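Trainee: Below are the chains, spelled out letter by letter.
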Amino acid sequence: MATVALIGNPNTGKSSLFNALCGGQARVGNYPGVTVEHKTGRMRLGSTSHKSIELVDLPGTYSLSARSADEAVSVEVLSGEMPGLARPDAVIVILDATNLERNLYLLSQVLELGLPTLVALNMWDRLESEGIAIDPKSLSHSLGVPVVCTSASKRMGVADLQSALGELLESAESSQSAREQHQPASLASTSFPEPFRRCVDELALWFDSQGCRLPRFQIERLLIDDSQAHSYRVIPKVLTSEVTERISQAREQLASEGVAIPLFETRARYAWIKQRVAGVIERKPRERRASLSDQIDRWLTHRWFGLLFFVVLMFLIFQSITWFASWPMDGIEFATQWIGQRIESMMAPGPLRSLLVDGIIAGVGSVLVFLPQIAILFFFIAILEDSGYMSRAAFMMDKFMSILGMSGKSFLPLMSSFACAIPGIMATRTIENRRDRMVTILIAPLMSCSARWPVYVLMVSAFVPNRSVMGGWIGAQGAVLFAMMALGALVSIPVAWLLQRFVFPGEPSTFIMELSSYKWPSLRVVLMRVWERVLAFLARAGSLILVTSVLIWAAAYFPGDHGPLDIATAKLEAEQAIPDADPEKQQALETQINQLKSEMISQSYLGTAGDWIEPIVRPLGWDGKIGVAVLASFPAREVIVATLGTIYSLGAGQDENSQGLAAQLRSATWPDGRPVYTLATACSIMVFFALCAQCVSTLVTIRRETNSWRWPIFSFVYMTALAYAGAWIVFNLMSFW
Amino acid sequence: MDNTTLNDLLEGQAGTIIDVQGNDSLSARLMEMGLIPGERVEMVGQAPMGDPVEYSVVGYRLSLRRVEARRVWIQRV
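Going down the list, the protein sequences come from chains A and B.
Quick note, in our numbering, the first sequence goes up one by one and the last residue is 737.
Quick note, in our numbering, the second sequence goes up one by one and the last residue is 77.
Don't take every hint at face value.
Stated by the list, open to error - For each label pair, taking beta carbons as the anchor points, the in silico distance ranges come out as:
no., chain 1, residue 1, chain 2, residue 2, range
1, A, Trp327, B, Gly38, 55 to 61 Å
2, A, Ser291, B, Gln13, 34 to 40 Å
3, A, Phe315, B, Gly50, 36 to 42 Å
4, B, Asn23, A, Leu292, 28 to 34 Å
5, B, Asn23, A, Phe315, 21 to 27 Å
6, A, Leu551, B, Gly22, 52 to 58 Å
7, A, Ile403, B, Ile18, 31 to 37 Å
8, A, Ser291, B, Asp24, 32 to 38 Å
9, B, Gln75, A, Leu498, 54 to 60 Å
10, B, Gly50, A, Lys154, 38 to 44 Å
11, A, Phe315, B, Gln75, 43 to 49 Å
12, A, Trp206, B, Gly38, 48 to 54 Å
Said to hold, decoys possible - The calculated SDA-like cross-link candidates involving lysine to any residue, where the alpha carbons are at most 20 Å apart (straight line), are:
no., chain 1, residue 1, chain 2, residue 2
13, A, Lys519, B, Tyr60
14, A, Lys284, B, Asn7
15, A, Lys284, B, Gly59
16, A, Lys284, B, Ala14
17, A, Lys284, B, Ser56
18, A, Lys284, B, Arg66
19, A, Lys399, B, Gln46
20, A, Lys274, B, Gly38
21, A, Lys274, B, Pro37
22, A, Lys284, B, Gly50
23, A, Lys284, B, Ser25
24, A, Lys399, B, Gly59
25, A, Lys274, B, Asp19
26, A, Lys284, B, Gln46
27, A, Lys39, A, Lys519
28, A, Lys399, B, Asn7
29, A, Lys399, B, Arg66
30, A, Lys274, B, Glu39
Since the hints were derived computationally from the structure, they do not count as laboratory data.
Since the model is a prediction, treat every value here as computed from it, not as a measurement.
From the three backbone atoms N, C-alpha and C, an ideal C-beta is built for every residue, glycine too.
Could you put together the complete structure from these sequences and hints?
Mentor: This is the structure:
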């Protein structure tokens with residue numbers, strides 16, 4: 001099976017073309033050791049051909065200089081160094097015909113990789129209205145590669161592209177030995193300054209002598225890109241120091257010979273582009289009339305209206321996530337309960353039933369409940385991105401974010417983190433400045449995500465008096481909820497400052513970003529993106545969350561003789577099966593079961609851990625039970641509600657709104673009879689949860705996105721320290737009050 | 001001859017690029033994005049808080065902070 005790569009600038013319609021070619025048969029692959037995903041899909045060459053092709057969709061990029069992780073992945077895939085992926089047999093470069101010169105920059109680099117190349121000249125339908133005329137035949141001749149005109153969003157030219165690809169692959173196959181045949185008419189690198197090319201020759205000889213054969217393009221990248229760049233990844237570790245030495249020598253020599261690194265490359269490539277398009281492209285001089293996109297833009301980035309629109313839009317999006325998600329969330333909750341009850345009715349009480357019901361179904365179910373929210377959030381994000389508004393939001397927020405030392409590109413990831421930090425952290429991939437991206441990833445979990453709500457709601461409804469303050473305008477409960485929501489965002493400001501000052505110094509942030517024209521979002525592209533996210537989320541729930549649920553269940557179940565509890569449970573279930581049972585007898589059995597459950601929990605490993613942990617959490621106003629519940633909620637914050645329910649002998653699965661649990665919390669006492677929970681304790685718990693990193697999925701996502709365990713550990717340590725300090729301060733302040 | 005930088009353009013004003021200053025990867029990035037000598041650039045608008053600024057160059061819209069725009073020397077047209 002042949003492999004073909006698809007590459008192009010961002011906003012060229014690459015996703016549409018990919019979907020048109022593969023017919024929606026895409027899957028997102030995560031390659032080990034790489035922080036960036038790329039998609040692969042299957043396609044057939046026309047209806048008659050039986051030949052199937054694997055199409056690899058590379059991240060949208062302006063250049064192959066390996067400055068960002070996205071660019072490095074593209075270079076590695078195209079040169080066949082990506083583990084688990086063969087070197088592509090051909091590459092399709094998609095160019096935006098309305099913006100040909102800038103798009104040709106990437107093509108000029110791709111051509112130097114020596115792969116059979118095919119150009120898709122996209123947005124062909126928009127040329128006329130832009131007053132541009134391009135002669136595709138002359139362009140093909142001038143570039144030395146086949147050119148096909150396409151309008152991917154309207155599915156025009158897709159069949160032509162497929163047949164051109166078939167021809168290209170066939171001719172590549174028949175002339176496998178004679179690779180030169182695929183050399184295009186001219187390469188930009190042949191016009192690089194003579195001293196530079198000599199340096200590359202010398203380095204190539206040296207690499208050969210070290211038994212490390214590198215393509216010429218990569219040696220050029222090593223010389224041109226600075227040492228932070230990802231091009232160093234391809235060098236074997238043992239050679240790194242010597243290579244760095246040789247490169248800096250070569251650069252000094254080149255500087256003395258008047259070769260300006262890195263600018264000579266850009267100049268040479270644009271000179272090459274000018275030659276290639278001479279006589280090929282014609283722009284009709286036209287009066288500059290404001291296009292519809294411009295008119296929309298004037299309003300949406302307007303001084304006052306733009307900001308107002310932005311705030312209202314964000315509010316509506318987050319409101320509608322809550323509205324739309326509540327129905328499917330109730331459905332999922334109902335389904336998990338129903339499945340749990342079915343299992344209970346089919347199995348006798350025992351460890352296996354407990355593992356299935358209390359461990360797996362309750363654990364995975366409590367996380368699956370958030371699937372609708374995540375799907376809806378990604379639906380809106382995909383619409384914002386595809387319509388072109390996302391880049392405007394970043395544009396408008398850049399000044400504000402730059403006061404905090406970051407750029408507008410960090411704003412939306414942080415905004416998404418108010419729903420869930422996981423999509424927020426994944427959305428940081430578009431930030432090319434490493435420092436900005438790292439700071440954004442590290443503060444994103446401080447934003448008040450939806451998993452904190454159950455904790456807040458339980459504590460507020462149990463301990464904050466339901467009365468009005470400030471002359472009746474604000475409800476006390478609502479005010480406390482809002483304060484908890486805002487706390488993390490406020491704390492993130494000094495944290496971001498400290499991170500930039502001490503952890504990631506240097507590398508000032510920039511804001512060089514394309515503002516794509518407004519267009520109607522393509523439903524297909526939007527749904528595709530939502531689907532990819534949903535699949536990724538389900539995969540995680542099925543692996544990591546499943547495992548941690550089972551582990552926590554085991555820690556709370558063992559050791560201990562569950563015999564009496566199982567007998568009592570079986571008795572109760574038998575009693576319930578009788579139509580006119582004695583309610584008092586049932587009541588007595590339930591009390592006995594709750595008693596036993598609470599005994600089992602305090603005997604379990606988790607309960608022992610609680611005794612150990614009590615001295616540590618005492619300064620926060622917590623008892624050992626709260627300590628255990630917090631420990632057990634390490635996999636996910638909302639687990640604390642279920643764990644508190646279990647511990648307070650009501651059995652797991654207590655809903656946070658149930659009066660039962662709130663009443664139990666209010667009546668819990670220390671051994672000397674004082675109540676455990678006061679308003680101060682409740683606030684201390686809430687502040688702890690506002691600031692802590694109790695979410696394994698977030699930590700695993702940080703691991704995946706930063707490609708190192710160092711940063712999730714760092715996040716966990718700093719956030720737990722913050723949470724402990726915050727809870728301590730709040731508890732002590734409020735106790736004195 | 002009226003040589004200034006991109007940062008000095010007001011809304012609706014345009015200029016032709018003379019040079020991109022600096023010898024680092026930021027300058028290379030600016031040039032990769034199409035800010036090359038000889039190209040015409042128009043200032044389209046600015047963000048609500050005055051920074052960054054939107055420019056029209058080689059047929060698309062580019063956003064630059066004022067600090068970055070100051071590196072690009074132009075001749076007004």
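Trainee: Hint by hint, say whether it matches the structure.
Mentor: So, going through the hints one by one against the coordinates:
Under the hint 55 to 61 Å, the C-beta atoms of Trp327/A and Gly38/B, about 58 Å apart, fit the expected range. Against the hinted window of 34 to 40 Å, the Cβ-Cβ separation of Ser291/A and Gln13/B comes to about 19 Å, which falls outside the hint. In this structure the supplied range 36 to 42 Å is violated for Phe315/A paired with Gly50/B, their Cβ-Cβ distance being about 25 Å. Distance hint check: the CB atoms of Asn23/B and Leu292/A are about 41 Å apart, inconsistent with the given range 28 to 34 Å.
Distance hint for Asn23/B and Phe315/A: a CB-CB separation of about 46 Å, inconsistent with the stated range 21 to 27 Å. Take Leu551/A and Gly22/B: their Cβ atoms lie about 54 Å apart, and the range 52 to 58 Å holds. Between Ile403/A and Ile18/B the Cβ separation comes to about 32 Å, which falls inside the hinted range of 31 to 37 Å. A C-beta distance of roughly 35 Å is found between Ser291/A and Asp24/B, which places it inside the suggested range of 32 to 38 Å.
Separated by about 45 Å at the C-beta atoms, Gln75/B and Leu498/A break the suggested range of 54 to 60 Å. Against the hinted window of 38 to 44 Å, the Cβ-Cβ separation of Gly50/B and Lys154/A comes to about 39 Å, which satisfies the hint. For Phe315/A and Gln75/B, the Cβ-Cβ distance of about 46 Å falls inside the hinted range of 43 to 49 Å, so the restraint holds. The hint said 48 to 54 Å for the Cβ distance between Trp206/A and Gly38/B, and at roughly 38 Å that hint is violated.
For the hint linking Lys519/A to Tyr60/B, the alpha-carbon distance of about 14 Å falls within 20 Å, and the restraint holds. About 28 Å separates the Cα atoms of Lys284/A and Asn7/B, which puts this hinted pair outside 20 Å; it is violated. Restraint check for Lys284/A and Gly59/B: the C-alpha separation of about 13 Å stays at or below 20 Å, so the hint holds. For the suggested pair Lys284/A and Ala14/B, the alpha carbons sit about 18 Å apart, so the restraint of at most 20 Å is met.
Among the hinted pairs, Lys284/A with Ser56/B is consistent with the structure: their alpha-carbon atoms are about 17 Å apart, no more than 20 Å. Of the supplied pair hints, the one linking Lys284/A and Arg66/B is violated, its CA atoms being roughly 31 Å apart against a limit of 20 Å. A hinted pair counts as satisfied when its Cα atoms are at most 20 Å apart, and Lys399/A with Gln46/B qualifies at roughly 11 Å. Distance check on the hinted pair: Lys274/A and Gly38/B sit about 11 Å apart at the alpha-carbon level, within 20 Å; holds.
Between the alpha carbons of Lys274/A and Pro37/B the distance comes to roughly 12 Å, so the proposed pair stays at or under 20 Å and holds. A hinted pair counts as satisfied when its Cα atoms are at most 20 Å apart, and Lys284/A with Gly50/B does not qualify at roughly 33 Å. With a C-alpha separation of about 34 Å, the suggested pair Lys284/A and Ser25/B falls outside the 20 Å cut-off, and the hint is violated. A distance of roughly 25 Å separates the Cα atoms of Lys399/A and Gly59/B; the hinted pair therefore is violated under the 20 Å criterion.
For the hint linking Lys274/A to Asp19/B, the alpha-carbon distance of about 17 Å falls within 20 Å, and the restraint holds. Between the alpha carbons of Lys284/A and Gln46/B the distance comes to roughly 28 Å, so the proposed pair goes past 20 Å and is violated. This hinted pair does not check out: Lys39/A and Lys519/A have alpha carbons roughly 24 Å apart, beyond 20 Å. Straight-line distance between C-alpha atoms of Lys399/A and Asn7/B comes to about 16 Å, which keeps the hinted pair within the 20 Å bound.
At most 20 Å may separate the alpha-carbon atoms for a hinted pair to count; Lys399/A and Arg66/B meet this at roughly 11 Å. For the suggested pair Lys274/A and Glu39/B, the alpha carbons sit about 11 Å apart, so the restraint of at most 20 Å is met.
Consistency note: the structure conflicts with the earlier hints numbered 2, 3, 4, 5, 9, 12, 14, 18, 22, 23, 24, 26 and 27.
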